[in-house]
Amino acid sequence: MELKSTKTLSGFIELLPAQQRCFDECAARMQRVLKTAGFAHLDLPAIERAEVLTDKDNWDEIETQMFLFQKGDTKMGLRYDGTVGLSRYVAGHINDLVFPFRAYQFARNYRGERPQRGRYREFYQMDLDIMGIDTLSENYDAEIVATLANAYGAVQEFIGPVNIRIGNRRFWNALFEKLNLTEQQQRAAFILIDKKDKIKDFYDGLVDEIGVDAADEINKVFSNGCRSFAGASSDIDAAITEMDNFMSLLDSMGIKNAKIDLGIMRGHSYYTGIVFEFFLDRFPELGAIGGGGRYENLTSKFSKTKIIGVGAAVGFSRLMVALMDDNKIDLSSFEQPVKAAVLVMGAEQVQYAMGVLADLRNAEIVSVPYLDAGKKFKNQVEFADKIKARFSLIVGENERKNNVLSVKDMLSGTQQTLDIKSTIELLKTV
RNA sequence: GCGGAUGUAGCUCAGCUGGUUAGAGCGUUGGUUUGUGGUACCAAAUGUCGCCGGUUCGAAUCCGGUCAUCCGCCCCA
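Take the first sequence: its letter number 9 is residue 19 in the working numbering, and every next letter is one higher.
Please note that a few of the clues may not be correct.
[Unchecked claim] Pairs of lysine to aspartate or glutamate, EDC-like flavour, derived with a Cα cap of 16 Å:
{"id": "1", "residue 1": "K266", "residue 2": "D254"}
{"id": "2", "residue 1": "K188", "residue 2": "D226"}
{"id": "3", "residue 1": "K385", "residue 2": "E358"}
{"id": "4", "residue 1": "K85", "residue 2": "E58"}
{"id": "5", "residue 1": "K438", "residue 2": "E374"}
{"id": "6", "residue 1": "K188", "residue 2": "D247"}
{"id": "7", "residue 1": "K316", "residue 2": "E306"}
{"id": "8", "residue 1": "K85", "residue 2": "D65"}
{"id": "9", "residue 1": "K411", "residue 2": "D429"}
[Claimed, not checked] Here are the computed distance ranges between Cβ atoms for each label pair:
{"id": "10", "residue 1": "T192", "residue 2": "N234", "range": "47 to 57 Å"}
{"id": "11", "residue 1": "R59", "residue 2": "N234", "range": "47 to 57 Å"}
{"id": "12", "residue 1": "K81", "residue 2": "N234", "range": "49 to 59 Å"}
{"id": "13", "residue 1": "K17", "residue 2": "K210", "range": "35 to 45 Å"}
{"id": "14", "residue 1": "S310", "residue 2": "K210", "range": "30 to 40 Å"}
{"id": "15", "residue 1": "K45", "residue 2": "T427", "range": "38 to 48 Å"}
{"id": "16", "residue 1": "F387", "residue 2": "R59", "range": "26 to 36 Å"}
{"id": "17", "residue 1": "L421", "residue 2": "R124", "range": "45 to 55 Å"}
{"id": "18", "residue 1": "L381", "residue 2": "D261", "range": "54 to 64 Å"}
{"id": "19", "residue 1": "F387", "residue 2": "K438", "range": "19 to 29 Å"}
{"id": "20", "residue 1": "N307", "residue 2": "D226", "range": "27 to 37 Å"}
Since the hints were derived computationally from the structure, they do not count as laboratory data. Ideal placement from N, C-alpha and C gives every residue a C-beta, glycine not left out.
Given these sequences and hints, build the entire structure.
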C-alpha cells in the first residue's frame, strides 16, 4: 500500500512537544500581561463573510491572497488578521460595550499567499486594541506601546530584549501638505519612505516622484531630524508636540527602549497617527516582530458611529518559529516535564500501580505510567529514560505485597525503597 | 503571476563525467542469559531513486515535460 505524505501543507506549522510547551508558556505569559492591563479576551470566528474581509469584487484576484470559499449562496473566507473581525464586533455590539473598549485576541489567522521564509498561511497573531467613540486620547497610544513592551518583557528570557521605533503619519501628512504634494505624490512618497531601508535608490526614487526640492526636504528629516521643521506649520508643530508627549509618557511607564524613527510607516493604509514597530536587539535580521498604530474610520463600513482606535499586532508564530528553528531559544527547560514514570512489572501489579498513580496526581506530581505490563522491564526503564522522567517508580510483586515503591533516581541511578507517602514527599522537594 | 534551487529508506543526506543485487548516519525492532535506561557491540526490516516521456545495449545518473517543496520577487487586503 502506498504511504501518504506526512508533510504538512506548505506554509503550515506544527511543533514538537518541547517546542509547543515553550510556545504555550510564552503565549500564556504575554496574555497575562494584557489581562493585567484590563484587556478583554475575544475569541472571534475564524470565518467571516467575504464582504467583511474585502471590499474588492474581483474574486480571482483576492483568492490569491485569502482563503475563500462558498456554501450555498454565501461567500466566506478565513480571517487574515484580527483587526477586521474586531471592527465588525465592536460596531455590532456598540450598545453592549463600554468605551474606551480594550480587547485582545490570540488567534490563528490565514493568508492564501505563497509561503516563504517567515511567512505562513496559518499563524497565531496577538492583537490588542483600544477603541473609543468619536474621540480617543493620544495618551492611549503610549499605553498600548507600553503594554506591548511589557508583554515582550514577560518573555525576555526566551527572546531577549526588544527595542521600539516610533513613527508618525501625522507628521508626514503635515509635511506633505506643506510641500504641496498631490495625493498621488503623497502616496508614492509614503511607499518609498516605508521601503527606505530595503531599497538603494531611495533619494533618486523620491526625486522621480516629487521633484528635487521636495526630495531634499524629506531627506532632511532623516539627516537633521524632524525638529528642524519646528515652526514650519501649525500641523507640523502639533505632530512634533504629539511625539514629545508620547515619548515622555512612555518614559513615565518605565519604557526606556523606544526611539523616534520617522522611517517607520507601516504598510496598512488605515493608520493616521503614531505608528510603531518592535524589533529584537539580538536578532534585528528578523525584522519587525510586532507593531501597530492609531487608526480612524476602520469601522465606517459597519457603523455610522465614528470609532477611533489604537492597536497593535504581534506575529507570534513567526517570532517563535524563527527563534526555535535556528535554535535561538534554549528548550532544555521544556524537555523534562515528567517527574515520575510508574513502571509496572506484570499484570498483577496494575491495580496497585493505578492507585499509586492517582495519589501522585492528587499531589500534582506530573506522572506517566507504562501500562503494557507484559513488556520487558528493560523496555520500561528505557521508556522512562526517553521521556526524561526524573524518577522511575517501580512496581513489582515485592513492592505490591509490602505496599511500597522502588524509587529510582534516573540521574544518579541510585534506588531506594519508600512507602507512597514518603515518595510523594521526596518528589515534591525535588 | 515571475525567477533560482532541490526532489534517492521513517528522518538528514551521499551516489549523478550513464554499467552487475542503490549506500551511510540517525531512528525503529530484536539480541549481548530474560527485575534496571542513558555508553558500546552484533543483527534485522524498510526504497518501482517525485511522476510521465525521450536518448541509449543499458538511466538514480543525460534531455524534455509535469507536479511538489524551499528560497527570492510581486502582493501584503
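Against the structure, the hints come out as follows:
1. Annotation: proposed proximity of K266 to D254 holds, straight-line Cα distance about 14 Å (limit 16 Å).
2. Proximity of K188 to D226 is assessed by CA-CA distance (about 14 Å); at most 16 Å being required, the pair is judged to hold.
3. The suggested pairing of K385 with E358 holds, with an alpha-carbon distance near 13 Å, which does not exceed 16 Å.
4. Between K85 and E58 the CA atoms are separated by roughly 9 Å; this keeps the pair inside 16 Å, and the hint holds.
5. For the hint pairing K438 with E374, the CA-to-CA distance comes to about 9 Å; that is within 16 Å, so the pair holds.
6. Restraint check for K188 and D247: satisfied, since their Cα atoms lie roughly 12 Å apart, inside the 16 Å limit.
7. A distance of roughly 8 Å separates the Cα atoms of K316 and E306; the hinted pair therefore holds under the 16 Å criterion.
8. Restraint check: the Cα-Cα separation between K85 and D65 comes to about 13 Å, which is no more than 16 Å; the hinted pair holds.
9. Restraint check: the Cα-Cα separation between K411 and D429 comes to about 12 Å, which is no more than 16 Å; the hinted pair holds.
10. Checking the proposed 47 to 57 Å range against T192 and N234 shows it is violated: the Cβ atoms sit about 25 Å from each other.
11. Range check, R59 to N234: Cβ separation about 49 Å, and the 47 to 57 Å hint holds.
12. With their beta carbons about 58 Å apart, K81 and N234 fall inside the hinted range of 49 to 59 Å.
13. Between K17 and K210, the C-beta spacing of about 38 Å keeps the proposed range 35 to 45 Å intact.
14. At roughly 38 Å, the beta carbons of S310 and K210 sit within the given window of 30 to 40 Å.
15. Roughly 46 Å separates the CB atoms of K45 and T427, a value that falls within the hinted 38 to 48 Å.
16. The given range of 26 to 36 Å is broken by F387 and R59, whose C-beta atoms sit roughly 60 Å from each other.
17. For L421 paired with R124, a C-beta distance near 48 Å keeps the hint of 45 to 55 Å intact.
18. The hinted range of 54 to 64 Å is satisfied by L381 and D261, whose Cβ atoms lie roughly 59 Å apart.
19. For the pair F387 and K438, the supplied restraint of 19 to 29 Å holds, since their beta-carbon distance comes to about 27 Å.
20. Taken as a hint, the range 27 to 37 Å holds for the pair N307 and D226, whose Cβ atoms sit roughly 33 Å apart.
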